[in-house]
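Protein chains in written order, with this note's numbering: chain A, 53 to 459; chain B, 472 to 665.
It is possible that part of the hints are untrue.
Simulated crosslink set (DSS-like; lysine-lysine; CA at most 27 Å straight-line) [unchecked claim]:
{"#": "1", "chain 1": "A", "residue 1": "Lys124", "chain 2": "B", "residue 2": "Lys614"}
{"#": "2", "chain 1": "A", "residue 1": "Lys134", "chain 2": "A", "residue 2": "Lys124"}
{"#": "3", "chain 1": "A", "residue 1": "Lys120", "chain 2": "B", "residue 2": "Lys614"}
{"#": "4", "chain 1": "A", "residue 1": "Lys124", "chain 2": "A", "residue 2": "Lys203"}
{"#": "5", "chain 1": "B", "residue 1": "Lys634", "chain 2": "B", "residue 2": "Lys546"}
{"#": "6", "chain 1": "B", "residue 1": "Lys634", "chain 2": "B", "residue 2": "Lys623"}
Everything labelled a hint here was simulated from the structure, so no lab data went into it.
These numbers were taken from a predicted model, which means no experiment stands behind them.
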Amino acid sequence: MDLLTTLEAGIKMLILFGGLMGAAAYLVLVERWMAAWIQDRLGPNRAGIPLTRIRLFGLGQPIADGGKFIFKEEFTPSHVEKVLYFLAPVVSLTAAVGVFAVVPFGEVEILGYRLRLAVAPGVDVGLLYIVAVSGLGVLGVLLGGWASNNKYSLFGGIRAAAQLLSYEIPLGLALLGIVLAAGSLRLEEIVLWQAQTGLWNIFWQPLGFSVFFLAAFAEAGRLPFDMAEAEQELVGGYHTEYSGMKLMMYMVAEYLHMILASFLLVLVFFGGWHFWGLTGGQAVAAWPTALLRVVVLLGKVLLVIWFFMVARWSWPRFRFDQIMHLAWYVLIPLGLVYVVSAAVLGEYGPGWAAQIGIRPALLSGIINWLVFFAVWGLAAWLAPLHYDNRPLRGPIRPQAPSPEAVP
Amino acid sequence: MEPNDPQVRWLKEPELGWTGKVYLPLFVEGMRTTLRHLVGPKLTVQSPDERHEIPEPLIYRGVHRLNRDEQGRVKCVACFLCATICPAHCIDIVAAPSPWPDRDKYPESFTIDELRCIYCGMCEEACPEQAIELTSLYDLTGKSREEMIFDKEKLLSVYDQTKDTEPILADWPLPAASAQQENGARQMQYDEKN
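Pulled out of the complex, with its shape left as it was, chain B reads as follows (with noise of 0.2 Å):
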């Protein structure tokens, strides 16, 4: 793109007064800001020895788990619709007809690949039935590849780790409902003055 392109357009810098110019207060006003930050508090989590508090532990993306029903068995229905909108592909499947009257399918199995997995939290929005949920666990490790390879029993076992601190979000008085309401009534408002 030349210089003088018409798209491009000009500024002038804003002039520099006499402060400016003569350079001191700039150089006092950068030194007091250091100043001030070299003894301020720190912002450091000394993450092994301390946890990261996590403030809102329900909308966190974490990992993955499967919910159980109030009898224990899974919740999952082998919809596919969490591995479909997957844009990781990183969820695997396997359906079979369901052993229970209530439903007619149910997951003979689920692998999440959690190292393929962005943590983009659409498999929990697309659930229809909340089966499947992000948890606040946010430090996971493994030995190998195949380990970070979760099947339904270990979803299930996060399930059960977590279920105490973090219900299953259906199930909660939901704090977003009222925002939504407010943000109808905003919507309202708007439409009302336009």
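Next comes chain A alone, as it looks inside the complex (with noise of 0.2 Å):
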């Protein structure tokens, strides 16, 4: 490796890793407003500029913030599992960041230069990375929730631990359909495979997109499936003995995770950095069609992080054992199925295709809106999440012997 070459690394890793702070940052203050607004209030809007009357609608408050945290104490419980408690939120931080390393904006020609606008630009296994590495944000929670000493965080880590592994499989399950489709692991393949044909994979793998859509969405943690965190039951979860810089290393992280499961679903389902006449479909372009391509890749983005903020205040917090239910009797089940249909159409899906007289595609495309139909009727009508789990009616131990029988 150059010079250039660890130069250009360096420089794209200094980029993104201030781009996703400054954006963590940022959307804590617009998730702030959007939640005052949905609660008909209007959220933060008087920090500005220090020592004016100047208010910018409150865009200082992130800066107040991350003052406030840093010059908060931070305090370290005597029953600690110290060297662990230092080192969970590290590793939280720590696998959210390097996730995303593999995620592409595009590529762009500059004076005969090929610029690929990632910080490891084509990694052969890029999804399989970002899986892998994800996958490690558990151990952080987990080892929060262990190090802290604290029955609440033990049961948030352990929660947290069960949920996010659980769903991991049908998002895995769901990605593997998609590259079944693509042919490749690389973001960026997908993404201009989905340029080149101009068909995002959301119009023709609905299940995929649904299961994708509903594990990303658990595995981010955010408010239907906050079972870490869960504040009205375990105080707050995995962080409760967590202060200071640690607490927030936490919350950044998580929000780095909204902000990769965005990511993802922008990339492989909402054709990543493409739009319809606007941004063409070649791989590398010069740099106003590039500039463009990022523009509306992170509007995606937004919108979608737009939802995730107001799904939060839509819908009622799933029971913990629902959430399990809904892993393991729903997701994965229709995961299998996703998967197992995406490789029979690739497999014979072009031959029948010739054999009826219609584009491949389009073949495709009927079979997955029906397979889709048909699963989650199914799934609707078998309503594995709707039981009774209160205790089961009936002496749990045997009555105690009135007065009259003691002889």
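If you follow the hints, you should be able to join the two separate chains into one complex; please do so.
Laid out in structure tokens, this is it:
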């Protein structure tokens, strides 16, 4: 590896890291706005430029929040496992940031130099890397819960581990179907494939999309699935005992999970940087088009993130057993069906299409939609999430003998 | 309590219909409610910039005041009813023989600990002379606890400050009177019926 490549990667890393941290900080502000507006409030709109009366709609709020986190007392309880306690948020944040290395923003040609807008461009196992490294995040959560030496934290950590591990399976299955259809694990190829056909995966892979969407939602640990924190039940979940910068690292890691889920959704199902009639379908573009592509990609990602934020206030939380049922009784079977259908269509689809005389994509689309309706209908009919979870009615321990019966 | 306790009534959850099981209509329903509120009117009052509007200042329970009579003297006759009924024991009265001929006693000192007060308004209700009242001033602040113990002069000055906007309740055509009559009439109807 020569110096130029190293330098290029370093610059990209700095840009990406700064961008991610800034995005996380400002997305917190956006989230607070959304939460406030949905609750008929105004939200943070005061903090502007310090020492002036300029408010800028509260755009200074993230800076104030960051300052608060930095100057806050960082209290370490005496009963924690010191090493793991310090290590856990670092693991969480590292895993969350590391994933973004393979997220592609497109390719640009400047002065004859082909610049690929990703920290680690062209990784052949891109999707595999994402699934593997984002799986590491569970470790941070679990370690934090364990090291806190606190029952609530441990519950939060265990729940998070159970939930995240369960949902990684349907997530992987949905991605596997896409990989089978696209024929590549490289994110650039998957995006390019959608851009060249102009047919985003969401239009003809509804089953894969819905499985992936629900699993990604659960992986991000956002509110309908926020078993890990569960303020209502577990005080604060795995980060009950954390404060100051360590708490901030956890929160940023959580936000990055959401951002990553949005990026994956956009890259794999919403066509990445592609938009009809705007960005063209070639892999390499001149810089105006490349800039436009980045804007389109970020716009799509922002829309998905906005949906995440609004969804938080739209639906009640699941019970923990319902979450597990959703993963194991609904999403995993659906994911398996999807993988099988994708494999069968990939193998026999073109032949069948040639026999009938229609385009293979159209045939797969029709079959995929039929499978989607059939399987969701079946899931709705069986309704594995709707059942009575109350304790069984009946004597759980023998009745005490009445005084008359005692001789 | 055991699940089979005879006092426990077991209810079955209502069966979910087809739309509930498919979940998509509920999904849309939740989203619609959220989006409606997202763009809907906001209720926030930007407090230091805008003042909260109190709909009924006369019945609002804010800072106390000690009323004056027509000659500008304190109305209180030091009967101790307010101090007696006060559940927070925040009123302290020192009575003295009155210098005026129309009453026996008057409060030599009258202090209210505004930090102890729970703003229940019972002093106002107990007072036979309409001498103590709660105003609609709600944002009282102080730099020390001592500052928040209001003495007689302070309480009288609150009256001077608020007397124009909030007249003494007894001198006011009471809207409560008509409501009382209405209630009485309703009670009579009820009695007749039964």
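Check each numbered hint from earlier against the structure, then list the numbers of those it violates in ascending order.
none
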